[in-house]
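Enquirer: Residue strings, one per chain:
Number of protein chains: 2
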Amino acid sequence: MGLTKTEIFTQEQNELSTLLKAIAHPARIAILQQIISANACICGDLVEELGLAQATISQHLKELKNAGIIQGTIDGVKVCYCIEPKTWALLQKLFGDFMGSYSDPKDCC
Amino acid sequence: MGLTKTEIFTQEQNELSTLLKAIAHPARIAILQQIISANACICGDLVEELGLAQATISQHLKELKNAGIIQGTIDGVKVCYCIEPKTWALLQKLFGDFMGSYSDPKDCC
DNA sequence: TCTACGTATCGTAATATTGCGATATAAAAT
DNA sequence: ATTTTATATCGCAATATTACGATACGTAGA
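So the protein lines, in turn, are chains F and H.
Sequential numbering from 53 applies to the first sequence in the working numbering.
Sequential numbering from 53 applies to the second sequence in the working numbering.
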């Protein structure tokens, strides 16, 4: 099959898993860290920073953009990418709620 | 290829992405939520709760266990699963640091 | 011991992901 | 107009994921 049964789950579960899946790759984590640390958003310097081919970086950027985590603005020949604050905040809330719902019970198995 | 170039990235980037990947599936999020809400750790009631086959649930549990996020204790015929507090705390730290490193600059593209 | 129960594993089909070379596209510079 | 530069897309090969039926395994009770 290879097809996730999204209709079985709640919208929140699907939403959170989609956002996490977009981030759950070392290259995309590295890309996001670069975008964040460059404050002003960087462009395709990423190809130089990371050791991956241009086509690969472009594809990762596309996935992050599709998930709504970053936003790209065309600036002449270059494209300027930066964090999408709304999605970032949503992810922080969804994940925070999820992680925060657990507290060590001390009396488990 | 289909092979992530882990050797290109830092240990933290790889570690965080591995943990996130383990969680980044609606079924596994649902499983974790069940384990948490049942306080005392539940077993294979999960098969009834979620609408997935037993083999599928077992496989998801294995992945969560491999990532170190949950722990299983054999209890007679059943197996009792619960959150692994150490990994949970590690994930909270890694992800918190990552997410927290961003603050809306207001002067981006 | 035999059977029932709960879980794990195997095998398989469908689909998704990862990475990259080659090529297309589009704006800027010459 | 042509070339350069930056990025996106296509096509492909290798591998990973998802889901599940079938079956194996191990414990508990009859």
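A portion of the hints provided could be inaccurate.
Simulated coverage check for chain F against chain H, where a stretch passes if three residues somewhere in it have a Cβ under 8 angstroms from a Cβ of chain H [said to hold, decoys possible]:
| # | stretch |
| --- | --- |
| 1 | 72-81 |
| 2 | 102-113 |
| 3 | 147-154 |
Just so you know, these hints were derived from the structure itself, not from any lab.
Think of the CB as a built atom: it goes at the ideal place given N, C-alpha and C, for glycine as much as any other residue.
Enquirer: Confirm or reject each hint.
Expert: These are the hints, each one checked on the structure:
1. 72-81: The restraint on the stretch 72-81 of chain F holds, since 9 of its residues have a Cβ under 8 angstroms from chain H and three suffice.
2. 102-113: Three-residue rule met by the stretch 102-113 of chain F, so holds; n is 3.
3. 147-154: holds (count 5)
This entry satisfies every hint, going by the numbered hints stated previously.
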